[in-house]
Each structure stands twice: as structure tokens, then as C-alpha cells.
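Going down the list, the protein sequences come from chains A and B. So for the first sequence, my numbering puts the first residue at 1; every next one is plus one. So for the second sequence, my numbering puts the first residue at 1001; every next one is plus one.
It is worth saying that the hints were derived from the structure and are not from the lab. Since the structure is predicted, the reported quantities are computational estimates derived from the model, not experimental observations. The hints are all genuine.
Cβ-Cβ distance ranges computed for the label pairs, FRET-style:
(1) B/Asn1019 x A/Leu8: 24 to 34 Å
(2) A/Asn31 x B/Leu1037: 13 to 23 Å
(3) B/Leu1037 x A/Leu8: 27 to 37 Å
Beta carbons: idealized from backbone N, C-alpha and C, even for Gly.
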Amino acid sequence: MSWLLKKLLHADLFNGIYGDLLEEFNNNYSNQGKWKANLKFLFGGLGFVRFPILLHLANNKKYSSMSIWKNYFKISIRNITRNKVNTAVSTTGLVVSFVAFLAIIQYVQFEKSYDDFHEKREQLFRVTNKMTTSSTTSLSATTFYGAKEDYSNEIPEVIQSTQVFTANSARLEFDEQQFLEDEVLFVSPEFFEMFSFPFSSGNMESEPGLNSIYLSVSTALKIFPSGDALNKTMEVSGVAGQDWTVKVAGVFEDFPLNTHLRADVVFPVQKLVRMADEQQFFGPNFTVEQLRWRWLTFHTYLLLDELADPEVVETKTNQLVNEYRKELNERLNQNHDVILQPISDIHTTAGIEREISPVNDVKIINLFAIVAICILVIGWINYINLNTAKSVSRGKEVGIRKVLGSGTLQLKTQFQIEALLLNFVSFVLAFLLLIPLSSALEKISGVQFFDNYFQNISLIVSMIGIVFIGSFLSGLYPSHVLSNYKSIDVLKGRFKNSSKGVALRRILVGVQFIFTIFLLSGLMIVHNQMTYMIGHDLGIDIDKTITLQSPVNTQSTNDLKSKMNTLKNELRQIPGVNKISIGSLVPGVLNNWRNSTEGTNAEKAGIFIHRTVVDHDYFDLYGIELVAGRLFDRSFGKEEDAIILNLNSVERLGYQTAEEALGKKISFAGTTYEVIGVVSDFYQRGVQFALEPFSFNLDTALTAGNVALTIDTKNLSESIEEMENVFSVIFPDVPFQSQIVKDVFIAQYENEQRFRSLFTIFTSIAVIIAMLGLLGLASFILNQRIKEICVRKVLGAKSSTLFLILNKEYFLINAISFAVAIPFAIYFMRNWLNGFENRIQLGLFYFLVPFVITFIIIVISTLNHTMRVINANPAMILKEED
Amino acid sequence: MKEKGLGELQELVLLVIGNLDHEAYGLAIKEFIKDKLDRPLSISAVHATLQRLEKKGFVTSAYDKSANNERGGRPKLIFSITAHGAKTLDEVRTTRNQLWNGMYDLSLNQ
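Given these sequences and hints, build the entire structure.
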């Protein structure tokens, strides 16, 4: 307060006034208490602002250059408010393009900010595994169990290391209430030290208890609404088939949205290892320790020394992995290489399997950034066009000003200030609009990121900078044109016919068209690619299929067999259910069970094939066709040694035909099977992925758990209700969850769908803004040509001829823009399409249609003006003298 | 610059300064008007009026050098009436008296 008053008040008065305030405060303090005294002090002090006579500004008033600036602003505001329609049109264009630009840049920035918040981010690397076999190369985000400990022990540059194992889900039970959690991790204790994920209470000790559990704040609050979760005990089930009692040892802050790691529930990784040994995950012959360098499902992160060169460490890790796996690699004919991936690159690197959370290709992010810049430039071009078109009406003003002694510089400053003012107002409006729009955008983009918009000061500052520079540039040309009018010409009214600057405006409109055609063709290609993928034949029949969540994990295995049999039989009784099958492989869900073939034959060994178990009805239900041999048959009994392959596996194993593979032996993990049949290929996870090799074993015990049914879709909800009744009688303590496979499949394309909807929105915005700009140009040029047209009309030209004459130049601009836009569109869209395994072919169609669309846009947006000119009465127009 | 004309509040403040003798600073004036005349004013309004009076040359101000702990060590800005101010007050009063004398009975004694 003292500071404020000192700034504001006249220097001679300050001490006296401030003393009065303090004295009054002291009086009030003793009479009325602290709170009231403070309040009165505050308002008493602020009250002085009301009286200019007390403030030093008023007393020091000088007539300086400030007053001309004040005048600039005054005139600007008058002009802006005078032409309300005109201002509305140009502000709308600017606001819309600013909103789009801000939104996209925020999205781009958010996507690129992943894992930037870790304090040690520059030293953190993930061990990505690159496996090469005779036929394939694949990148995996997970590496061997032993990597964490051995790298840390053997390589001095590695300061710390941690490993993460992702579980599908866990069921927590507290106080007879069940909670199903999807984001479940097993981590080693270094996890919370290496990454910046703080605990809000408790901690993960370096030797955590095996029965510890760590919860995120929001999960803890969900389970224990009353508050303190620490040291509470609860039951865990549904993880690796084991139930155990846990104690909450720590509650950590919810992970930020921009990290590739997701966790609501965390267990110590030692628990997983213990369970694996107790339950013999790898059969009776192997312990986890023995499989250190074979168990390949651990996300492993290394913290390197500040001075360490990641490339040097990478070669060291490579040497180690090849040393430990020497024998195995030779036997299985594989090669494993290590890639150390900087942690902040993980989210933007595509093409790696088994990521914890979906990634977003940096190419697509950059495409969005390009769209954002396109829209911004279109918006400013628009502004230039509209403003120069408007300048006709300002001509007289300029003339008078010049006569009264204004210099060119002063006029320019005047118009520049108008431009900046309008831009600034539009920017503020755009910012304000962004707040209510953000929730809608979040829904479409599927990313919650607008919360941190206002925290990112540097982003806002750079946005303001960009907008300022752009506004300046976009104001430059109109102010140049206006200030160069010759006062005599203008005052005589002759300047209307000047065609100065039309060429530049034509180029600007051309640029807008280039962007528009580019975006439109991009949109069409994205759209068609999506439709193509969704409608593509998967090789499996999923249109009427429903799957039920497996009850297997939570059940002890002894009476499971009979229960599953009962379930299958009773579900079959439900009217509307046509087919039913139980199998481990569910369409649209990544299969986690893969093995590499073993054997002495080097060519046939070391080939990764997906393993699945199915019942007799599986192939019939999914419509997978038999190519050679036979399917599993009830008359052959359990058929424990029999295996069925799909065509892709046959191909990878190097057999020329399906028939050739029949009767051959294949070994996985010490067991040998005979190939009895070959079935057709299918896209198990959607057509954006390549065809994959699958093998099928028969499971007569039905313990695979995932129930699939085909049903009549007519009474869908009733059928599902009955299924739930049947299910809950047999498995009373397992929640019933059903999924329509088609929906699961469509959800596979979530990333692409999101891309499509964002792209659609922003392209439409660009097209609308471009239309506005064209409107401005048309109105300007047509007004200039109205006399010419009238003369033509008098001489007998038909309306259709006039229409053509008036629009000829736009069509020409459009054609040139088309020629320029196509190479860009081809380049960028081919790049995008290359990310898909199955893609549409680029054809002329995708470029001609945007051309036609822009053509139609031209006709529509100039129609009003053109018709006005054509229908003008020549007598009225021509009688005016210039 | 010497202006004539005295607003109602200005006249009031001028009279209060006269009443307070040599203790007429902002807060004292404010308290006086509040206590004696039952008219609560804000301190800023009082100071604004004082400045207007000073501009018109009715009062002058000077800092009372004796620092005061109650006021955070800030001196008081004491106002006193100038000869011009006294004269103007007198004129106002004379004018009023004349007018009062010439006024017919307002039925005040009814």
C-alpha cells in the first residue's frame, strides 16, 4: 500500500497522507480490532485513487508526444467501432484462426512435453530391445528380467536402474467392497527415486515388504473415502492367479498426464518374482533366477552418470546381453540388441511393441503443427485482404489528413496501431473462447491437457510474441497502401480505379487456396484410410460377437473345469445365442503369450509364434477357414500333441505350401507338437498391424477363460442380461463384464479416429477463413469493375458471359494453387500413409475433388457480389462522373 | 492563482480548520467533522478538499517536524487559513447575514 500510494500520490503530500492513514489504523486497531482496521486501511488508501487532484500525474501534466499516441488510439477505436460489420468479419476470421492455432499448439506442446518433468530426465534412458531373427526384426519396450541388476552391477556409468512389470488389472477388496483397477505395475524400489513421482504419505523402502501395496492419491481416496489409507490392509485378487493380503505402505501423488508411465496401484516387483517361482510360471524345471536372460517382459530404465555418453553405455549393454545370451542366441538363431531410448522420446516414437501407454508418432504431431501454422497464416492473409479492400472507404480520410500535414510515417503508425489493436482484441477473445471450448476439444482429442495451459508461461509469452510479430506484418501492407494514396487523386475521387496492389492480393488468395487444397486433400485421404481400415476384411467374423471377461484368474483351479463347462452349456441355452467358444485369444487384444520355436534345425528354430489355446468351436465361431489338414475333432480325444498353424506361421517357418507343413514337428519350451492343420490368416489386432503368426492348441479343460459368443443382435440387451444371470450364479464373486468385439476393434483405431476428427475440425476452420478472405477480395475488385461490366452490358453481353469474365481470374488462381499444392500433399500424405500396414493407394481423385470443392467455394463466396454487379442498372452506374 | 467561490464542503472544512487552530491536519479534520457534525467522510475526500482549498489559496500547509510514533514516524501536514481565506470566509458570512436579514419570517417561530 505504501508503495502504491508513493507511486500515485503527489510527492509533497505523500508523507502527510500516509501518516494520517497509519494513525487512523492505529486508532481503529485499538477500537475495532485487527481485521476491521486492516480493511479500513486498505479501502481508505485505495480511496485516494478517486481524486486526480491528489495524484502526481495530473499535476505534472505536460503536452508531449504521448498525446499524439493517445490520439492514434482514439481514432483507431472510433474507426473500429464505426464499421461494425467490417470489424466483425475481420475479427471473426482472426479470432477463429487464433483459437485454432492456440488449441493445436497447446496439443502439440503437450504431446511433446511427455516425461519432461522428471528432475533427472536427461540421464534417464529406457532399455529397448531389438530382436532380429532370420525373418523378422522387432522392437520391444520390454527387456530381460536380469537387465536391471546386471547392467547396474557391471557398467560403472549406470548409477541406478529400475524395472517395471505391467499387470492387466487387479481386484482390490476392502470392507466387502470390490474395486477393479486397470493401471497396475510391479516396480523395483528405485522407481520412485529415479522418476519424479513424489509420495504424499509413506514411502517405498529399499527392501519393501512382499505384501506391501502403494496407491495413487485418487485410488486411495476411492477405496478409503474417510482419509488415511496408510497401514490399512486389504485383499488382492486377479493378479497372476493368486490372492493375497496387502498392507498400504505408501500413497503417491497421481502421476501427471504427460508421462508414458501409468499407475494407480503399485506392488513391489519382488512379489511378482516370488509368485512366479511359487506357481511355477515356467514349469517345474525353471526358476526365475535361471531365466534371468530369457524372461523378456520387463520395462527397464537406467539412470546414467551425468558425464556418461549414452552411446558408450549402449555398446556396453550390447556386449553384456550378447555375452549372457550367447548360447541361447545361437541355439534359437536370434540376435538381441539394446537401444537406449531417452525417456522423453518414448511417447513420440512409434513402432515399438509393448508400450505401457499409446504413443503418438512425432510425424503426426508435426503435421498438426503445420496445420496450425497454415491456419494462422490464412487468418492473417484474410485480414490483409479484408483491410485493403476496406481501404477504399478510408481514402478521403487519408487525403484530408495529408492536406492537414500528416506525414506518411504518421499515417502508417495510425493504421498499424489499428491493426495491432484489432489483433490484440482478437487474441484476447480467442484466449477467452478457448476456456469453454477446451472441454469439447479434450473430448475429441482424448487428451486432458488444458488444465496446465495457464501454468505454461513461456508458451503463452511466445504465443503473444508470435501474434505480435504476425499482427505487425499483417498490418504493414494495408497501412502502406493507405498511406501512399495521393491526396489530390483521393480527394478528386479518382483513386477508385487504381489497380495497385491487386497482384499481391491475388498471390495472397492463391496462398490461401494452396493451404485449403492441401488440407482438403489431406482430410480426404485420412478419411478414406479410416473407412478402408474399418471396413477391411479381417479374416475373422466379429460382427455379432460378444466376449465375456475371463473369470479364470480369480478362481482356484480344482473345480474350474466343471464350472467352465457348466457356464458354456448354460450360456448356449439362452435364446439368441448361436455359437459359443472358449479360447485364450480375443480379437483386438494383444496376445501376451509368444514362444520361439526350438530345435536343431537352424532354419526352423528361433521363430516367434503367438501361442493360444482354443476349444473345438473356436474356428467355427470366428469363421477362420481351414486351408489344409484338419481342425481339432472331438473323436480324437484330447489331442495334446496336436497343433494348428495359420498361413503366416507356415510362411515364417519356411514351408512353401500349407500341405508341406502338415505332419511336421514343432517344439516350444521343451514340448513338441505335430502340425495337424493350417488355417487362413486374419488380422487379430486390426489392419494397421501386419499379419501375425499364430498357433493353436486344444484346451478341452476350457481353462483359457475368455468366453466368446455370437448372438442375434436384435435383442442384444436382453441376451446380455440373461448371460449375466447365468454367469453370476456360477461365479458369484466375479463381476460380469461383457464387450462387443466390434466396439473393441473400433477402439483399436482410437488414435486414428482422434486424428481424423481433429483434422476435420481444423480443415473446416481453414476453409471457412479462406472463404472470408475471398469474399473481401471479391467485393473490392468487383466494385472497381462495375463500370466496365455496365458498358459490356450496354453493348449486349449476356449475364452468363459476364459471370465468367468476373470469375475468370479466381479460377486461374485456383488452378495455379492446385498445381503448387499437389506435391506438398503427396509428400506429406504418403509419409502418413506409410505408417499403416494396409493402406489406400494415392490417386488423382484425392486431389481433383479438393480442386472442385475450392471451385465451388469460389462461386459461392463471390456469387452475391457478382450478381449485384451483373444486375446493376447501367443507367444508374454510368451516369456518375469521376 | 486565486479563485473565488467556495463549495459547501470546502466552506465546512475551512471552518473546521479555523476551529482546530494549529492542530488541523487531515485525520483531525475528518474526526472533527464526524464527531461534532455527525457527517462521516473518507480520509481521501478530506485530503482532496484540502488540496482544492490550497489551490485556490484559502489555506497553506506545512509539515509539523516533530515526528510521531503513532504515525509510523510520518510528520503531520498542518493546514492553516490564509488571509485570503479568512477574507473570503468573512465575505461569505457577510453575504449570508445580509440575506438572512432581508428574509421574511419563515414561520420559524410558529
